[in-house]
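Asks: Chain by chain, the residues run as shown.
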Amino acid sequence: MSENLLDVSGLMMRFGGLLAVDNVSLQVKPRQIHSIIGPNGAGKTTVFNCISGFYKPTGGEVHYRGKPIQGMSSNHISLQGLVRTFQHVRLFANMTVIENLLVAQHRHLNTNYFAGLVKTPSYRRRQREAMDRAEHWLRQVNLLEFANREAGNLSYGQQRRLEIARCMVTEPGLLMLDEPAAGLNPKETSELDQLIVRLRDEQDISVLLIEHDMGLVMGISDHITVINQGAPLANGTPEQIRENPEVIKAYLGES
Amino acid sequence: MTETSLYILQQLINGLTIGSTYALIAIGYTMVYGIIGMINFAHGEVYMIGTYTAFITIVGLLTMGVGSLPIILLLALITAIIISSTYGYAIERVAYRPLRGGPRLIPLITAIGMSIFLQNYIRLAQGSRDLAMPALISGGIEFGDPAVFEVSISWMQLIIWGITLISMTSLAMFISRSRLGRACRACAQDRGMTNLLGIDTNRIIALTFVIGAALAAVAGVLLGLYYGIINPYIGFMAGLKAFTAAVLGGIGSIPGAMLGGLILGVTEALTAAFFPSEYKDVVAFSLLVLILLFRPTGLLGKPEVEKV
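First to last, the protein sequences are chains V and U. Going by my numbering, the first residue of the first sequence is number 1, and it counts up by one from there. Going by my numbering, the first residue of the second sequence is number 1001, and it counts up by one from there.
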């Protein structure tokens, strides 16, 4: 179809009388960091929920790699290669760090029961690969030494990084991060910042980001979409957005 | 040893036997609660169906002239597991899955409806009179002083302990080691997130119903042979007892269900030792009330954390 990885056009989400998302369109190109910003309650997370299949959008189309995905269930969407995080940490707190990464590879480990019982060579190989992948990502997010710790006992910043690692072991094409820097201190934020850039540059993936930390957004985004009260307000590079009078008005109020 | 202490020992042995079968049934309640937060009140009926399947299989094999005890026991267990699991799966598919996401009270009501339906279905199909399970296994070991009090452990009790131990160990291994067991644990912690990681949570939920039903079937075969009398109503009381055991241990916790079952069984047996045996149910359910009053999360349960 086009060179867009994700193509959202005319997305609508209505909850009874409330139009939470009104005709939002956005295009994420391969190997880009695309941010969605907007005041609180603008509908950013609702857009995320519609794309990731948490909500069934009431109108519009979502294409991923040219394939329509709107209305698909969330587990099918994630199998297409589109994974997300949430505003609050949703790790499996009672499981160890490594188990969190293995659960995420459930589908990759899809073997039949017989193979599991007799531990055939291909079964062992897949197990090995899953462990290797998990180890690789623990190294990437600097958590290797905590592999056998319970995820719930990690610090908040570490939990955030583990969530990203858990997304990455599924080998996604598009990573959707919902306010990944919320609650992080400046040092942790800058580590996160570097991690996201590295994902784009080294892993060949695109990142769709919702974030309030303007320093982070302006610093790393290739493209920004601004949403206000459910409707798209502006679209462009960080420089264009910074100088857009409409955006300034939405954020600072009428003067 | 004195007569009283030998008598107590005997009752402990009996209590552990009944308790381990309560534990097997309780696991079905606790696993389903752990994953979807509902009490499957039709679970007792799945146990009862297991007993009936075993009865039919055993009588069938005996009339065909199969005399080998291990073969009869094994085939009875296998058929009971298969039939009960099928019922467990079908109950979830028909009565609970279509209602998922609705208010929590609704599946509870269908569960009770399902329970009444299954009870009456078996009553119509198999008759409501008591059936006598063929006595396959008799005898046992006896020790203690014949002049004072003789403690006996029957072979049946040893078989119950052995099979329960094997079932529990395999379940524990499955949950802690296997890929699907990991997915079950993930599902119990955060179903939405598990789904987002590309795991079909409906299949995992169906799997827990099947596992719970299989364990209930094992309990059904064992208790059917132990008591020797079966009727379509045995699922009700067994289900209530196992539910009590699950709550006692902490509903949602598998080790809790095992522990709760054993404690309940022993408590009942000791009550029956010193009071008229009708009081054992009074004590069992008083225990449930006390636990709910003073430790609602059960012995091994964790306080429920509100999910945002």
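For the record, the hints were derived by calculation from the structure and aren't laboratory data. Wrong hints could be hidden among the right ones.
Said to hold, decoys possible - Covered stretches of chain U (chain V as the covering partner; in silico rule of three or more C-beta atoms under 8 angstroms from a C-beta of chain V):
| # | region |
| --- | --- |
| 1 | 1017 to 1027 |
| 2 | 1179 to 1192 |
Said to hold, decoys possible - Partial list, derived from the structure: chain V residues whose beta carbon lies under 8 angstroms from chain U:
| # | residue |
| --- | --- |
| 3 | 71 |
| 4 | 96 |
| 5 | 99 |
| 6 | 102 |
| 7 | 107 |
| 8 | 133 |
| 9 | 136 |
| 10 | 140 |
Note that the structure is a prediction, hence the values are computed from the model and not measured. Think of the CB as a built atom: it goes at the ideal place given N, C-alpha and C, for glycine as much as any other residue.
Asks: Take the hints in turn and mark each one as holding or not.
Replies: Going through the hints against the structure:
no.	hint	verdict
1	1017 to 1027	violated (count 0)
2	1179 to 1192	holds (count 8)
3	71	violated (16 angstroms)
4	96	violated (11 angstroms)
5	99	holds (6 angstroms)
6	102	holds (6 angstroms)
7	107	holds (5 angstroms)
8	133	violated (14 angstroms)
9	136	violated (18 angstroms)
10	140	violated (18 angstroms)
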